[in-house]
Amino acid sequence: MLALFKRDILLAVRSGGGFGLALAFFLILVMFVPFGVGPDRAVLARIAPGILWIGALLACLLSLDRVFQLDAEDGTLEALATSPIPLTGLVSAKAAAHWITTGLPLTLASAPLGYLLGLPVEGYIWLIASLGVGTVSLSFIGTFGAAITVGIKRGGLLLSLLVLPLYIPTLILGAQVVTRAVTGQSPVASLALLSGLTLLTLALIPAAAAMALRANLR
Amino acid sequence: MSLWEYANPVKFMALSGRILPSATLLSAALLLTGLVWGFFFTADDYKQGSTVKIIFLHVPAALMAINIWLMMLVASLVWLVRRHHVSALAARAAAPIGITMTLIALFTGAIWGKPMWGTYWAWDPRLTSFMILFVFYLGYLALWQAVEDDDTAADLTSILCMVGSVFALLSRYAVNLWNQGLHQGATLTATKESPIDGSYYYPLLICIVGFICLFVTLVLLRTRMHIRLRRSRAVLAREATR
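In order, the protein sequences belong to chains P and E. Add 393 to a position in the first sequence, counting from 1, and you land on the number used in the numbering used here. Add 42 to a position in the second sequence, counting from 1, and you land on the number used in the numbering used here.
If you're looking for bench data, these hints aren't it; they were derived computationally from the structure. Ideal Cβ positions, reconstructed from N, Cα and C, are used throughout, including at glycine. Watch out, some of these pointers could steer you wrong.
From chain E, some residues computed to sit far from chain P (all C-beta separations above 12 Å) [unchecked claim]:
{"#": "1", "residue": "S44"}
{"#": "2", "residue": "L77"}
{"#": "3", "residue": "F81"}
{"#": "4", "residue": "T150"}
{"#": "5", "residue": "R168"}
{"#": "6", "residue": "S171"}
{"#": "7", "residue": "G181"}
{"#": "8", "residue": "V189"}
{"#": "9", "residue": "I201"}
{"#": "10", "residue": "L212"}
{"#": "11", "residue": "R214"}
{"#": "12", "residue": "A216"}
{"#": "13", "residue": "Y243"}
{"#": "14", "residue": "R270"}
Far from chain P by the CB rule (all over 12 Å, computed), these chain E residues [stated by the list, open to error]:
{"#": "15", "residue": "V78"}
{"#": "16", "residue": "L219"}
{"#": "17", "residue": "Y244"}
Between beta-carbon pairs, the in silico distance windows are [stated by the list, open to error]:
{"#": "18", "chain 1": "P", "residue 1": "T469", "chain 2": "E", "residue 2": "T283", "range": "50 to 56 Å"}
{"#": "19", "chain 1": "E", "residue 1": "M173", "chain 2": "P", "residue 2": "I421", "range": "54 to 60 Å"}
{"#": "20", "chain 1": "P", "residue 1": "K546", "chain 2": "E", "residue 2": "L145", "range": "28 to 34 Å"}
{"#": "21", "chain 1": "E", "residue 1": "L45", "chain 2": "P", "residue 2": "I493", "range": "46 to 52 Å"}
{"#": "22", "chain 1": "P", "residue 1": "L509", "chain 2": "E", "residue 2": "P138", "range": "24 to 30 Å"}
{"#": "23", "chain 1": "E", "residue 1": "I61", "chain 2": "P", "residue 2": "V430", "range": "38 to 44 Å"}
{"#": "24", "chain 1": "P", "residue 1": "T469", "chain 2": "E", "residue 2": "T161", "range": "49 to 55 Å"}
{"#": "25", "chain 1": "E", "residue 1": "D239", "chain 2": "P", "residue 2": "L593", "range": "41 to 47 Å"}
{"#": "26", "chain 1": "P", "residue 1": "V514", "chain 2": "E", "residue 2": "L119", "range": "47 to 53 Å"}
{"#": "27", "chain 1": "P", "residue 1": "Q578", "chain 2": "E", "residue 2": "E190", "range": "31 to 37 Å"}
{"#": "28", "chain 1": "P", "residue 1": "D467", "chain 2": "E", "residue 2": "A282", "range": "50 to 56 Å"}
{"#": "29", "chain 1": "E", "residue 1": "R272", "chain 2": "P", "residue 2": "L509", "range": "51 to 57 Å"}
{"#": "30", "chain 1": "E", "residue 1": "E190", "chain 2": "P", "residue 2": "I421", "range": "31 to 37 Å"}
{"#": "31", "chain 1": "E", "residue 1": "V251", "chain 2": "P", "residue 2": "Q578", "range": "43 to 49 Å"}
Work out the full structure: start from the sequences and follow the hints.
Right, dumping it as structure tokens:
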């Protein structure tokens with residue numbers, strides 16, 4: 394399992410395209426916001442928490458179809474499924490690798506991008522905390538979507554349609570943490586709920602994704 | 043004699059064929075009675091005027107939109123546990139009805155909302171939950187369309203329905219934290235005495251039962267259609283190999 398985890402990270406970093414792509418997308422998305430709504434600092438600061446969260450969420454979505462697709466095409470997935478690693482372990486390793494290569498960089502990148510949007514100073518630590526916790530659940534839910542669509546040709550669009558509704562609670566709670574922090578309310582309760590949500594996905598999703606993989610490999 | 047006998051498509055077809063005419067008649071009679079009574083023989087509300095009468099469509103449709111998803115969840119679980127094809131097809135048959143009910147609830151709500159709240163749409167938790175439910179139905183239907191193998195499609199949609207139910211429920215409570223509501227809370231409850239006046243309550247009840255009958259009729263009809271579609275595909279496949 395650890396070997397698989399390392400292999401996936403190395404593949405993502407070395408094969409190019411996947412690793413930096415999400416970050417570049419995030420940057421461009423944030424850059425587009427002032428073009429769309431105008432460069433007014435006050436307006437940007439007000440919508441910054443939501444924009445950063447939506448941007449990170451969409452950037453997370455980009456690399457999801459790679460989670461299982463390449464392994465399914467060359468037969469590695471079948472080999473892995475017949476190996477002694479349980480399928481839930483396989484899914485968790487894949488999701489964790491996806492988080493390390495997508496969620497974590499996005500979390501770190503959110504702070505400078507937040508500065509560009511004029512996010513108030515109180516917001517940064519909560520932005521990083523909420524994205525750090527929330528992107529874990531995004532990666533796991535996304536891996537579930539990837540497991541469902543692995544057998545479908547050109548399943549990318551369908552993947553987004555399936556995964557985005559599942560992202561709603563994470564987005565609501567995550568953006569709320571940051572919004573509450575910058576408007577002077579206590580964000581602790583929201584962060585606790587967000588952490589609870591992430592723990593729930595950690596408990597629930599690997600089993601569901603393993604079921605989906607099993608159905609697809611039959 | 044148990045319920046599981048009707049997991050056999052032949053028995054299911056025979057039984058549903060026998061039920062269908064009376065179910066159709068019953069739902070037509072109930073809906074006609076309920077809606078005509080509700081629309082033409084109830085008094086206008088002193089505040090809302092005649093717009094109040096939209097509840098005879100709005101409330102039953104909204105109830106059904108949620109309960110059809112629950113029915114799909116149960117049918118999906120039956121498929122996953124006992125692998126009865128009729129169950130998987132019934133879940134598939136129910137989804138388009140569910141999404142239609144969601145749309146009816148959203149649209150009748152919008153029509154009522156314009157004169158009463160002054161807006162067709164507000165980002166109210168209940169309204170938003172329904173829009174979220176609509177997206178969940180869309181994803182479920184799209185997945186059925188996309189997967190070619192029947193059994194794999196049934197498996198995957200069942201798993202999606204299960205996970206989707208958890209997240210739809212989470213979304214429903216998350217939106218409560220996110221915005222203040224404009225929509226009233228639940229008025230019809232099973233446990234308490236209804237605060238609705240009898241002149242509205244009885245036609246509303248008839249409409250709700252009518253919608254349930256309509257759903258049963260439609261879901262039987264559509265399940266039969268899916269069974270027949272699958273049979274004709276099997277016949278065609280056999281002819282092709284001959």
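Hints, verified against the model:
1. For S44(E), the condition that its CB be more than 12 Å from all CB atoms of chain P holds, with the nearest at approximately 27 Å.
2. Every CB of chain P lies more than 12 Å from the CB of L77(E), the least distance being 33 Å, so the non-interface label holds.
3. The non-interface label for F81(E) is consistent with chain P: the shortest C-beta to C-beta separation is roughly 35 Å, beyond 12 Å.
4. Separation of T150(E) from chain P is adequate, the least Cβ-Cβ distance of about 23 Å exceeding the 12 Å criterion.
5. Distance check for R168(E) against chain P: the nearest CB is about 15 Å away, which clears 12 Å, and the non-interface claim stands.
6. Chain P draws S171(E) into its interface by the beta-carbon criterion, the shortest separation being 10 Å against a cut-off of 12 Å.
7. A beta-carbon of chain P comes within 12 Å of the beta-carbon of G181(E); the shortest separation is about 5 Å.
8. For V189(E), the condition that its CB be more than 12 Å from all CB atoms of chain P is violated, with the nearest at approximately 6 Å.
9. Chain P draws I201(E) into its interface by the beta-carbon criterion, the shortest separation being 5 Å against a cut-off of 12 Å.
10. Distance to chain P contradicts L212(E) as a non-interface residue, since its nearest Cβ pair spans about 4 Å, not more than 12 Å.
11. The Cβ of R214(E) does not lie farther than 12 Å from every Cβ of chain P; its closest approach is about 9 Å, which violates its non-interface assignment.
12. With a closest Cβ-Cβ approach of about 4 Å to chain P, A216(E) is found to fall inside the 12 Å limit, against its non-interface label.
13. With 12 Å as the threshold on Cβ separation, the claim that Y243(E) sits away from chain P holds: the shortest Cβ distance comes to roughly 35 Å.
14. Remark: the non-interface label on R270(E) is consistent with the geometry, its nearest Cβ contact in chain P lying 25 Å away (cut-off 12 Å).
15. Chain P leaves V78(E) outside its interface by the beta-carbon criterion, the shortest separation being 38 Å against a cut-off of 12 Å.
16. At roughly 7 Å, the least C-beta separation between L219(E) and chain P is not larger than 12 Å, which violates its mark as non-interface.
17. The beta carbon of Y244(E) is kept farther than 12 Å from every beta carbon of chain P, the shortest such distance being approximately 38 Å.
18. Between T469(P) and T283(E) the beta carbons are some 34 Å apart, a value that contradicts the proposed interval 50 to 56 Å.
19. At about 28 Å, the beta-carbon gap between M173(E) and I421(P) misses the expected band of 54 to 60 Å.
20. At roughly 30 Å, the beta carbons of K546(P) and L145(E) sit within the given window of 28 to 34 Å.
21. The beta-carbon spacing between L45(E) and I493(P), approximately 49 Å, falls within the hinted interval of 46 to 52 Å.
22. The beta-carbon spacing between L509(P) and P138(E), approximately 45 Å, falls outside the hinted interval of 24 to 30 Å.
23. A hinted range of 38 to 44 Å is violated for the C-beta pair I61(E) and V430(P), which are about 57 Å apart.
24. At about 54 Å, the CB distance of T469(P) to T161(E) agrees with the hint of 49 to 55 Å.
25. The given range of 41 to 47 Å is respected by D239(E) and L593(P), whose C-beta atoms sit roughly 43 Å from each other.
26. About 50 Å separates the C-beta atoms of V514(P) and L119(E), a value consistent with the hinted range of 47 to 53 Å.
27. For Q578(P) and E190(E), the Cβ-Cβ distance of about 51 Å falls outside the hinted range of 31 to 37 Å, so the restraint is violated.
28. Checked against the given bound of 50 to 56 Å, the beta carbons of D467(P) and A282(E), roughly 32 Å apart, lie outside it.
29. At about 56 Å, the beta-carbon gap between R272(E) and L509(P) stays in the expected band of 51 to 57 Å.
30. E190(E) and I421(P) have their C-beta atoms about 36 Å apart, which keeps the hinted 31 to 37 Å range intact.
31. Here the CB-CB span from V251(E) to Q578(P) is close to 46 Å, well matched to the stated 43 to 49 Å.
When each numbered hint is compared with the structure, violations occur for hints 6, 7, 8, 9, 10, 11, 12, 16, 18, 19, 22, 23, 27, 28.
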